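Student: Below, each chain spelled out in residue letters.
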Amino acid sequence: MGFFSKFKEGLTKTRDALMGKVESLISFGRKIDEEFYEELEEALIMADVGVNTVMGIMDDLRSAAKKQKLTEAEELKPVLKQILVELMGEDKAELSTNRDGLTVILFVGVNGVGKTTTIGKLANQFKAEGKKVILAAGDTFRAGAIEQLEVWGQRAGVDVIKQGAGSDPAAVIFDGIQAAKARKADVLLCDTAGRLQNKANLMDELNKIYRVIRREMPEAPHETLLVLDATTGQNALSQAKLFGEATGVTGLVLTKLDGTAKGGIVIAIRKELEVPVKMVGLGEKIDDLQPFDPKDFVDALFAE
Amino acid sequence: MVFESLANRLQDTFNRLRGKGKLSESDVKEAMREVRLALLEADVNFKVVKDFVEKVRERAIGQEVLQSLTPGQHVIKIVNDELTELMGGSQAKLNISNKPPTVIMMVGLQGAGKTTHTGKLAKLLQKEKKKPLLVACDIYRPAAIKQLQVLGEQLQVPVFSLGDQVSPVEIARKGLEHAISYGHDYVLIDTAGRLHIDETLMDELRNIKEAVQPSEILLVVDAMTGQVAVEVAETFNNTLDVTGTILTKLDGDTRGGAALSIRAVTGTPIKYVGTGEKIDAIEPFHPDRMASRILGMGDVLTLIEKAQASIDQDKAMDLERKMRNADFTLEDFLDQLSQVKNLGPLDQILGMLPGMNKVKGMQNMNVDDKQINRIEAIIQSMTPAERREPKLIDSSRRKRIAKGSGMTVQDVNRLLKQFEEMQKMMKQFSGMAKKMKGKKGKKGLGGMKFPFLP
Ligand SMILES: Nc1nc2c(ncn2[C@@H]2O[C@H](COP(=O)(O)OP(=O)(O)OP(=O)(O)O)[C@@H](O)[C@H]2O)c(=O)[nH]1
Ligand SMILES: [Mg+2]
Chain A
1 MGFFSKFKEG LTKTRDALMG KVESLISFGR KIDEEFYEEL EEALIMADVG VNTVMGIMDD
61 LRSAAKKQKL TEAEELKPVL KQILVELMGE DKAELSTNRD GLTVILFVGV NGVGKTTTIG
121 KLANQFKAEG KKVILAAGDT FRAGAIEQLE VWGQRAGVDV IKQGAGSDPA AVIFDGIQAA
181 KARKADVLLC DTAGRLQNKA NLMDELNKIY RVIRREMPEA PHETLLVLDA TTGQNALSQA
241 KLFGEATGVT GLVLTKLDGT AKGGIVIAIR KELEVPVKMV GLGEKIDDLQ PFDPKDFVDA
301 LFAE
Chain B
1 MVFESLANRL QDTFNRLRGK GKLSESDVKE AMREVRLALL EADVNFKVVK DFVEKVRERA
61 IGQEVLQSLT PGQHVIKIVN DELTELMGGS QAKLNISNKP PTVIMMVGLQ GAGKTTHTGK
121 LAKLLQKEKK KPLLVACDIY RPAAIKQLQV LGEQLQVPVF SLGDQVSPVE IARKGLEHAI
181 SYGHDYVLID TAGRLHIDET LMDELRNIKE AVQPSEILLV VDAMTGQVAV EVAETFNNTL
241 DVTGTILTKL DGDTRGGAAL SIRAVTGTPI KYVGTGEKID AIEPFHPDRM ASRILGMGDV
301 LTLIEKAQAS IDQDKAMDLE RKMRNADFTL EDFLDQLSQV KNLGPLDQIL GMLPGMNKVK
361 GMQNMNVDDK QINRIEAIIQ SMTPAERREP KLIDSSRRKR IAKGSGMTVQ DVNRLLKQFE
421 EMQKMMKQFS GMAKKMKGKK GKKGLGGMKF PFLP
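Read top to bottom, the protein sequences are chains A and B.
So for the first sequence, full-length UniProt numbering puts the first residue at 1; every next one is plus one.
So for the second sequence, full-length UniProt numbering puts the first residue at 1; every next one is plus one.
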């Protein structure tokens, strides 16, 4: 127990010190020294960027400092931000859509990350742009999942295509595509059940859904979005890799950024798998979805 | 993958550390660097890692290295023991109220798995012939009540709900009253997921706690949680004094370092782990399994344990000497085989040896225990003289041996051929060992106590 209480005490202090992090770290005319680098490293690791990626970033930072002969911490700030922004891709990533016809977007991810909620929010956005939107209730497994999507359908004022609980998800998505074509919808958003990426049979099921979409519309899905919970640590990399293999993930939605988690692991994902973040979830309400802005994201990495 | 590089790095550290009696400060420092990285890669909170590593470092310096281990392995062993201890005992027991019903409250972030685990706990209680009542206090997430109701239906456990227009505090209070009048001995309260920084919703939890005086407040945490786990656990604990944790989604491939972070800040036990989506996928928490999972050196650890337990020290040393001098006979080989068999399935053992995957040809080597049995049978059909001097074995002797062991002559030929190769290899090794001996002290072959099997 001694260890715990001592640790707890220490933790509060560190947290206060940490949360202010780089911003405060960098000001006050600080010089660049080893301790400074260490603290910077700590801040990045605390943001879930991941040790390997952090080491790479620190190397880049050190050599940039050397090359430009920087001595003041203040001067290093824009350099670090630039490195990170470059890693994340300079521009806001747009969703790819089908300009003349139906756009199909498939949502995948592990359990509880926010797939269904994101679909609700995005449906609302498309609707507001005057698009005709249909949702497909491809989570036939989790108790109450269909009803949950239906509530979102009502909130956004869009139709939901569904079958009963326990039915074949690929069949539901098939129905969704047929309905979207028949009703001349602009956008079809496909929900799927959450699943852990190491479950081969469930990943096969997802791949089947993907293939059904491709078969019905060879250029679809126009986006396969992997929904990632910002509180996730290093496992997100494995998620991106394996969901990517099963469904050709084209972008990430980073949810729950309204909490204190920074979602730094997306930097590693971007770096290693080149999958861009397209949107961020900032709450549970219908308008809590925003396009991803790398500059804001990087700022937030170091924000209180 | 990360794992691979870690194993390699460790291997390098082990090599550098080999052949000393006591753990020196620099030995430990070196190994702790790897441990620190391993823990960070497993998502253990930065600060927890720092404190932990410091503590273990102090403890490890000056310790006598166990004979059967290299210093590097010994450090890892200390780390593992310490980690296991920190993780607490196995405590899959729920607190019981002396004034029934016992109230259990489930709390946590959004998407952690509270509702599912409310159902799983109900199932556990049901198996113990208890009469639980589920109370639906998540009025926020669409269809959350429905989700609990479906689970209740599957389990044949009643669900208490007042819809989503009544305050959760009120629902909890009425739920408890309901349980009392209907003779339930357990009340499981499912609450909505919330951010730890949402003060209004954290207050709501405080008020529910006030209203129903739970015996158990379980923090439900996703095993994949990253650095923020510490802050989350700390805030929930400060607000509610949680009594335990349920670690969910452990059937994934996450290393699960959050477990250590949470345990370290709350000081309360991890009571259960969730291992699947099915309603009975819940298990008691095993600190030792969790420790080696977090450390990501499960293989090395198992090897350490097994080597400690079953390798005969004197024989091993004798063998090492023989290997070095390359006067290793089929007799020794037979002896070795029986020792190796005690260790467990062979391909696993080989896979566990750090660096084994780097030895050329090893990856494709298909070793199974049946094969060992066959080799044993062949050697056992040889005379002692033949075992010591395989050159004696001419074609008629080969036929005899084949017959005696129930194998074919080709099998005997193959074994003899492979043994010859092995001896050659050992000569090379002994050459290497002599060179290394010059540089690095006595134990040239270090951990290589196992023969290369045909
Ligand atoms: N604070 C916050 N909560 C969110 C956000 N997005 C989703 N949630 C919540 O997270 C929980 C899980 O969201 P769901 O949309 O059901 O997640 P899912 O991925 O569809 O879950 P499964 O279908 O069970 O795998 C719900 O309580 C949501 O309200 C977000 O951006 N911020
Ligand atoms: Mg869902």
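It cannot be assumed that every hint is accurate.
Taking CB as the label site, the calculated pair distances span [stated by the list, open to error]:
(1) K285/A / K129/B: 36 to 46 angstroms
(2) K93/B / D287/A: 40 to 50 angstroms
(3) N198/A / N238/B: 56 to 66 angstroms
(4) G164/A / D203/B: 36 to 46 angstroms
The set of hints was computed from the structure by calculation and includes no laboratory data.
Please read all numbers here as calculations on a predicted model, not as lab measurements.
Idealized CB from N, CA, C, for every residue including glycine.
Student: Does the structure break any of the earlier hints, and which numbers would those be?
Tutor: 3
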